[in-house]
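Participant: Single-letter residue listing:
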Amino acid sequence: MDTLAKLNEVFRDVFEDEDLTVGRETTAKTVAGWDSVMHITLMMSIERAFKLRFNSGEVANLKNVGALADLIDRKKA
Amino acid sequence: MSFIQTDYLLFFAAVCTVYWLLPARRFQNGFLLLGSYVFYGWLNPILCLLLFSVTAVNYLAARSIDSRPQSKDLVLGVTVVLSIVNLCFFKYFGWFSADILPKILSAETASEIQLWNLALPLGLSFYTFHNLAYTIDVYRGSFEVRKDPLDYFLYGSFFPQLVAGPVERASNLLPQLEAPRKFQIAQVASGFELALWGAFKKIALADTIAPYVDLMFQHQSPSWAMVWTGALGFTIQALADFSGYTDIARGSARMLGIELMHNFDHPYMAATPMEFWQRWHMSFSTWLREYVYVPSCFSDWVRRWITIPGTGDWGPFANTSRALLITMMVSGIWHGSTANFLLWGFYYFVIGTLYTWAMTKVPKKMKKQGGWRWITVPVMFSFTVLGMHIFRQPSVEQLLKNLQLSPVDGSLDQWIVSSAMLGLCAYAALPLVAALLAERYLIPRLKETVWWLPVRTTSWAVMAVAVFSSVRTSAADFIYFQF
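Residue numbers (the working numbering), protein chains in the order written: chain F, 1 to 77; chain X, 1001 to 1483.
Read the hints as simulated data drawn from the structure, not as lab findings. Glycine included, each C-beta is placed from N, C-alpha and C at the ideal position. Worth double-checking, as some hints may not be accurate.
What the hints assert, rightly or not - Using 30 Å as the maximum straight-line C-alpha spacing, the simulated DSSO-like pairs for lysine-lysine come out as follows:
(1) F:K29 x F:K76
(2) F:K76 x X:K1361
(3) F:K51 x F:K76
(4) X:K1182 x X:K1447
(5) X:K1147 x X:K1182
(6) F:K51 x X:K1072
(7) F:K6 x X:K1401
(8) X:K1072 x F:K63
(9) X:K1147 x F:K63
(10) F:K63 x X:K1367
(11) F:K6 x X:K1447
(12) F:K29 x X:K1447
(13) X:K1147 x F:K29
(14) F:K63 x X:K1364
(15) X:K1368 x F:K51
(16) X:K1103 x F:K6
(17) F:K29 x F:K6
(18) F:K63 x F:K29
(19) F:K6 x F:K63
(20) F:K51 x X:K1364
(21) F:K6 x F:K75
(22) F:K29 x X:K1361
(23) X:K1147 x F:K6
(24) F:K75 x X:K1401
(25) X:K1182 x F:K6
(26) F:K76 x F:K63
(27) X:K1072 x F:K29
Said to hold, decoys possible - Computed footprint of chain F on chain X; a stretch qualifies when at least three of its residues, placed anywhere within it, have a C-beta under 8 Å from a C-beta of chain F:
(28) 1136 to 1146
(29) 1284 to 1294
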């Protein structure tokens, strides 16, 4: 399963929405309920799913889901 | 200088007039910088040295982080430690000299040190956080370092937000200070309107109800009804006072062509503790979130040391709860050294964690139903009133006594006093509720009609009359000046 597809599963689980589909251009503005507090829960759930760790700067500086997927790929490489 | 003194009115009128007559941005910024130091040093000019030091340390630290990235961890660490030590020295000196020193030093030496009587300089914690935010952002690479000392020093000491926030971010304020600003009558009128509304909330509402709230909290053996109408009164007073201050700050800045951050977004309409903190003192809540909560979630140090040995990764819920505990305790300690503030911070950690857990058990469909907020908002408001009671009651012993009172107890006199307090609460809350309804339903419809101008100017007149008829000779300080 590629990074984006796995991310999509995490998003569906965190936002409790089985119909949610995220793409590289998806941002916090386009997903209902993706506020600053939910963002932290989301990032922690991603850490768990991908077995990696983010730092504070990485969590704060993401522009969209594409940037998040690229960051995950860099960390897993 | 306080916003509700006549001195401020005269000072601001003079500053605003000269400022808009100056021909270029750099002259305007230089004049605003001078004005900011006059404002801050009005009663005690020596405090300007402290303001200058805090600003200079952060300016130099950010320059150093930018020019020598190899030592940026050390520079940030030293800056954060210096800022915290400086803040704690002034903030807790009174408590330390009165409660701790007599236990570790001779009585004579301890009492000599107590005579220094160092009070917390006005706004120190606000401008410390405000300046520190810039240095941390430069360290993280999320904001570009600024080399022009004039613009940065104005950012560090801009008088409308200097003494009690909003705790600005460099990314919002600095670009505005670096851009040319032109006089626009609509912007000045809007700023005046906001500042007038703020003065109305502070003077006509908060200061009117404040003496009665004080009486309720000072009573040695209050009834249940007195305790909770007093707490309700303080809940309304705190919002009117602090959001009133913020509106004067934001209105003053807007009259100078600068837009400061929102600080309040109808916090008592929140449905959960998390939502409350997204609506109350937003500039400080987001500061805590960005610089305490997020690092507490993701810092290796916290993950390694603040954990139960052998449990490994706690998972998102436990990790965010741990970060919330750290954040709320920092917030509690920041508010003061007395036990009630620590208890207040812990209280918000407990209800925040319980709510977060409980919300995962509620089906999403139910949360989307129209009636959901009709239940959750009043419940959360009740928790807020309890939180305000903990915040306002300095004696934990009295707090515990109050929590054990029975609703059916109380003499006739106490019921009459409580009813009067409830009436005062209604008096102070009514304009706030009316403003909320007007903002949502009336103003958007009126704006495009011929009625807008007469309604707007009449509301100005009503507020001005209320402000000047409510002014007292000894106006109370803003509640948040003590922090």
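Participant: Hints first: check each against the structure and report whether it holds.
Facilitator: Each hint tested on the structure:
1. For the given pair, K29 (chain F) sits about 27 Å from K76 (chain F) by alpha-carbon distance, which is consistent with the 30 Å threshold.
2. Annotation: proposed proximity of K76 (chain F) to K1361 (chain X) is violated, straight-line Cα distance about 33 Å (limit 30 Å).
3. Taking the CA atoms of K51 (chain F) and K76 (chain F), the gap is near 9 Å; set against the 30 Å cutoff, the hint holds.
4. Of the supplied pair hints, the one linking K1182 (chain X) and K1447 (chain X) holds, its CA atoms being roughly 24 Å apart against a limit of 30 Å.
5. At roughly 24 Å between alpha-carbon atoms, K1147 (chain X) and K1182 (chain X) fall within 30 Å of each other, so this suggested pair holds.
6. With a CA separation close to 29 Å, the supplied pair K51 (chain F) and K1072 (chain X) stays within the 30 Å bound.
7. About 54 Å separates the Cα atoms of K6 (chain F) and K1401 (chain X), which puts this hinted pair outside 30 Å; it is violated.
8. For the given pair, K1072 (chain X) sits about 25 Å from K63 (chain F) by alpha-carbon distance, which is consistent with the 30 Å threshold.
9. Restraint check: the Cα-Cα separation between K1147 (chain X) and K63 (chain F) comes to about 27 Å, which is no more than 30 Å; the hinted pair holds.
10. Among the hinted pairs, K63 (chain F) with K1367 (chain X) is consistent with the structure: their alpha-carbon atoms are about 29 Å apart, no more than 30 Å.
11. Our distance criterion of 30 Å between C-alpha atoms is broken by K6 (chain F) and K1447 (chain X), whose separation comes to about 49 Å.
12. Taken as a hint, the K29 (chain F) and K1447 (chain X) pair is honoured in the structure, with Cα atoms around 28 Å apart against an allowance of 30 Å.
13. Restraint check for K1147 (chain X) and K29 (chain F): the C-alpha separation of about 34 Å exceeds 30 Å, so the hint is violated.
14. Pair hint K63 (chain F) plus K1364 (chain X) holds up; C-alpha atoms about 27 Å apart against a cutoff of 30 Å.
15. Only pairs whose Cα atoms come within 30 Å are accepted, and K1368 (chain X) paired with K51 (chain F) is rejected, the gap being roughly 33 Å.
16. The straight-line distance between the Cα atoms of K1103 (chain X) and K6 (chain F) is roughly 60 Å, outside the 30 Å bound, and the hint therefore fails.
17. Only pairs whose Cα atoms come within 30 Å are accepted, and K29 (chain F) paired with K6 (chain F) is accepted, the gap being roughly 21 Å.
18. Taking the CA atoms of K63 (chain F) and K29 (chain F), the gap is near 11 Å; set against the 30 Å cutoff, the hint holds.
19. Under the criterion of a C-alpha separation no larger than 30 Å, the hint pairing K6 (chain F) with K63 (chain F) is consistent with the structure, at around 19 Å.
20. A threshold of 30 Å between alpha carbons decides the hint, and for K51 (chain F) with K1364 (chain X) the separation of about 28 Å falls inside it, so the pair holds.
21. A C-alpha spacing of about 15 Å is found between K6 (chain F) and K75 (chain F), which places the hinted pair at or below 30 Å, so the restraint holds.
22. Restraint check for K29 (chain F) and K1361 (chain X): satisfied, since their Cα atoms lie roughly 25 Å apart, inside the 30 Å limit.
23. Pair hint K1147 (chain X) plus K6 (chain F) does not hold up; C-alpha atoms about 44 Å apart against a cutoff of 30 Å.
24. Between K75 (chain F) and K1401 (chain X) the CA atoms are separated by roughly 55 Å; this puts the pair beyond 30 Å, and the hint is violated.
25. Between K1182 (chain X) and K6 (chain F) the alpha-carbon distance is near 51 Å, which puts this suggested pair outside the 30 Å criterion.
26. A hinted pair counts as satisfied when its Cα atoms are at most 30 Å apart, and K76 (chain F) with K63 (chain F) qualifies at roughly 20 Å.
27. Taking the CA atoms of K1072 (chain X) and K29 (chain F), the gap is near 33 Å; set against the 30 Å cutoff, the hint is violated.
28. Only when three residues or more bring their CB closer than 8 Å to a CB of chain F does the claim for the stretch 1136 to 1146 of chain X stand; here the count is 3, and the claim holds.
29. Here's how the stretch 1284 to 1294 of chain X fares: 5 of its residues keep a CB closer than 8 Å to some CB of chain F, so the rule of at least three is met and the hint holds.
Figure legend: structure checked against the earlier numbered hints; hints not met, in rising order: 2, 7, 11, 13, 15, 16, 23, 24, 25, 27.
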